[in-house]
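K.L.:
Below are the chains, spelled out letter by letter.
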Amino acid sequence: GAVVSQHPSRVICKSGTSVKIECRSLDFQATTMFWYRQFPKQSLMLMATSNEGSKATYEQGVEKDKFLINHASLTLSTLTVTSAHPEDSSFYICSALDGLHQETQYFGPGTRLLVL
Amino acid sequence: QKEVEQNSGPLSVPEGAIASLNCTYSDRGSQSFFWYRQYSGKSPELIMFIYSNGDKEDGRFTAQLNKASQYVSLLIRDSQPSDSATYLCAVSDSSASKIIFGSGTRLSIRP
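As they're listed, the protein sequences go chains A and B. Going by my numbering, the final residue of the first sequence carries number 584, and the count climbs one at a time with no gaps. Going by my numbering, the final residue of the second sequence carries number 1141, and the count climbs one at a time with no gaps.
Hints were generated in silico from the structure; no laboratory data involved. Quick caveat, the model's predicted, so the values are computed rather than measured. Quick reminder that beta carbons are idealized off the backbone N, C-alpha and C, glycines included. Check before you lean on any hint, since a few could be wrong.
Unchecked claim - Computed Cβ-Cβ distance ranges for the label pairs, DEER-style:
#1 B:Q1110 with A:K534: 41 to 51 Å
#2 A:P554 with B:D1088: 17 to 27 Å
#3 A:S477 with B:L1041: 25 to 35 Å
#4 B:K1032 with A:S477: 29 to 39 Å
Stated by the list, open to error - Here are the simulated DSBU-like pairs of lysine-lysine, each with C-alpha atoms no more than 35 Å apart in a straight line:
#5 B:K1086 with B:K1097
#6 A:K509 with A:K534
#7 A:K534 with B:K1086
#8 A:K488 with B:K1032
#9 B:K1072 with A:K488
#10 B:K1097 with A:K488
#11 B:K1086 with A:K532
#12 B:K1128 with A:K509
#13 B:K1128 with B:K1086
#14 B:K1086 with A:K509
#15 B:K1072 with B:K1097
#16 A:K523 with A:K509
#17 A:K488 with A:K523
#18 A:K534 with A:K482
#19 B:K1097 with A:K482
#20 B:K1072 with A:K534
#21 A:K523 with A:K534
#22 B:K1128 with A:K488
#23 A:K482 with A:K523
#24 A:K509 with B:K1032
#25 B:K1032 with B:K1128
#26 A:K532 with A:K509
#27 A:K488 with A:K534
#28 A:K488 with A:K532
#29 A:K532 with B:K1072
#30 B:K1128 with B:K1097
#31 A:K534 with B:K1097
#32 A:K509 with A:K488
#33 B:K1128 with A:K523
#34 A:K523 with B:K1072
#35 A:K482 with B:K1086
#36 A:K534 with B:K1032
#37 B:K1072 with A:K509
#38 B:K1086 with A:K488
Required output: the full structure, derived from the provided sequences and hints.
P.N.:
Pasting the structure below:
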């Protein structure tokens, strides 16, 4: 299957700082990537859809000014959590849409964020 | 609101038996259906996808789709302890712009 990487895999930061997470599709081009958040023992929650070359589409209740998304190329999308607070601590997972293969989504390994 | 429903479980199955996971969806226009496996603390991993009514087999896994009943299932034959995980059903919305995930079924294979 297609490979999606995420960096960093784990980050610990102080409250008030910003954290950038990168998502890369390694062996295919992804015009669309998705950002999810998952709290312990809960299901995946879609935060936003990232489209290459255009503004991201945010799900209801997700603050676009807090979670900045940039999808500057067909293989890279970034999520920046601005002014992070302890309640932002979560497992952030990206996925990339392989448009050549029936719209299948492939997930990155996830980034575990802990805000102190 | 478009929904994908799964029984949260846990579903406990003895080793070597068949595990049957079920999923229903509300969007009749959905065209693509996926099963993902998620181990605790890890991201989801694609197991299978299915687009046509009927069965699709891949090794020990069989996906079944019935669009008329809006029902998708996943069968795991010869269940192994390593199959213990949460299984997520996912369905593309009718615009195919995104995939909607169910909340997952926790499967436990007991030795």
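K.L.:
Next step is simple, just say for each hint if it's right about the structure.
P.N.:
Right, here's what the structure says about each hint:
1. Taking 41 to 51 Å as the suggested C-beta distance range, the pair Q1110 (chain B) and K534 (chain A) conforms, at roughly 42 Å.
2. In this structure the hint that P554 (chain A) and D1088 (chain B) lie 17 to 27 Å apart at CB is violated, the actual value being about 42 Å.
3. The hinted window of 25 to 35 Å between S477 (chain A) and L1041 (chain B) holds, with their beta carbons roughly 30 Å apart.
4. Between K1032 (chain B) and S477 (chain A) the CB atoms are about 32 Å apart, so this pair conforms to the stated range of 29 to 39 Å.
5. The suggested pairing of K1086 (chain B) with K1097 (chain B) holds, with an alpha-carbon distance near 14 Å, which does not exceed 35 Å.
6. Straight-line distance between C-alpha atoms of K509 (chain A) and K534 (chain A) comes to about 24 Å, which keeps the hinted pair within the 35 Å bound.
7. Between K534 (chain A) and K1086 (chain B) the alpha-carbon distance is near 42 Å, which puts this suggested pair outside the 35 Å criterion.
8. Our distance criterion of 35 Å between C-alpha atoms is met by K488 (chain A) and K1032 (chain B), whose separation comes to about 31 Å.
9. A hinted pair counts as satisfied when its Cα atoms are at most 35 Å apart, and K1072 (chain B) with K488 (chain A) qualifies at roughly 20 Å.
10. Proposed proximity of K1097 (chain B) and K488 (chain A) is contradicted: the alpha carbons are some 41 Å apart, above 35 Å.
11. With a C-alpha separation of about 40 Å, the suggested pair K1086 (chain B) and K532 (chain A) falls outside the 35 Å cut-off, and the hint is violated.
12. At most 35 Å may separate the alpha-carbon atoms for a hinted pair to count; K1128 (chain B) and K509 (chain A) meet this at roughly 23 Å.
13. Proposed proximity of K1128 (chain B) and K1086 (chain B) is supported: the alpha carbons are some 23 Å apart, at most 35 Å.
14. Simply put, K1086 (chain B) and K509 (chain A) have alpha-carbon atoms about 30 Å apart, close enough for the 35 Å limit, and the pair holds.
15. Between K1072 (chain B) and K1097 (chain B), the direct Cα distance comes to roughly 31 Å. Compliance with the 35 Å bound is thereby established for this hinted pair.
16. Proximity of K523 (chain A) to K509 (chain A) is assessed by CA-CA distance (about 31 Å); at most 35 Å being required, the pair is judged to hold.
17. Distance restraint check for K488 (chain A) and K523 (chain A): the Cα-Cα separation of roughly 17 Å lies within the 35 Å cut-off, and the hinted pair is therefore satisfied.
18. The straight-line distance between the Cα atoms of K534 (chain A) and K482 (chain A) is roughly 16 Å, inside the 35 Å bound, and the hint therefore holds.
19. Using a Cα cut-off of 35 Å, the hinted pair K1097 (chain B) and K482 (chain A) is violated, with the two alpha carbons roughly 49 Å apart.
20. The suggested pairing of K1072 (chain B) with K534 (chain A) holds, with an alpha-carbon distance near 25 Å, which does not exceed 35 Å.
21. Pair hint K523 (chain A) plus K534 (chain A) holds up; C-alpha atoms about 15 Å apart against a cutoff of 35 Å.
22. Of the supplied pair hints, the one linking K1128 (chain B) and K488 (chain A) holds, its CA atoms being roughly 24 Å apart against a limit of 35 Å.
23. For the given pair, K482 (chain A) sits about 28 Å from K523 (chain A) by alpha-carbon distance, which is consistent with the 35 Å threshold.
24. For the suggested pair K509 (chain A) and K1032 (chain B), the alpha carbons sit about 23 Å apart, so the restraint of at most 35 Å is met.
25. A C-alpha spacing of about 12 Å is found between K1032 (chain B) and K1128 (chain B), which places the hinted pair at or below 35 Å, so the restraint holds.
26. Of the supplied pair hints, the one linking K532 (chain A) and K509 (chain A) holds, its CA atoms being roughly 25 Å apart against a limit of 35 Å.
27. As the CA atoms of K488 (chain A) and K534 (chain A) are separated by approximately 12 Å, the hinted pair is consistent with the 35 Å bound.
28. At most 35 Å may separate the alpha-carbon atoms for a hinted pair to count; K488 (chain A) and K532 (chain A) meet this at roughly 14 Å.
29. At roughly 26 Å between alpha-carbon atoms, K532 (chain A) and K1072 (chain B) fall within 35 Å of each other, so this suggested pair holds.
30. Of the supplied pair hints, the one linking K1128 (chain B) and K1097 (chain B) holds, its CA atoms being roughly 19 Å apart against a limit of 35 Å.
31. As the CA atoms of K534 (chain A) and K1097 (chain B) are separated by approximately 40 Å, the hinted pair breaks the 35 Å bound.
32. As the CA atoms of K509 (chain A) and K488 (chain A) are separated by approximately 24 Å, the hinted pair is consistent with the 35 Å bound.
33. Annotation: proposed proximity of K1128 (chain B) to K523 (chain A) holds, straight-line Cα distance about 16 Å (limit 35 Å).
34. Proposed proximity of K523 (chain A) and K1072 (chain B) is supported: the alpha carbons are some 29 Å apart, at most 35 Å.
35. Taking the CA atoms of K482 (chain A) and K1086 (chain B), the gap is about 48 Å. The hint is violated against a cut of 35 Å.
36. At roughly 27 Å between alpha-carbon atoms, K534 (chain A) and K1032 (chain B) fall within 35 Å of each other, so this suggested pair holds.
37. The hinted pair formed by K1072 (chain B) and K509 (chain A) meets the criterion: a straight-line CA distance of about 12 Å does not exceed 35 Å.
38. Proposed proximity of K1086 (chain B) and K488 (chain A) is contradicted: the alpha carbons are some 40 Å apart, above 35 Å.
Consistency with the previously given hints fails for numbers 2, 7, 10, 11, 19, 31, 35 and 38, ordered from lowest to highest.
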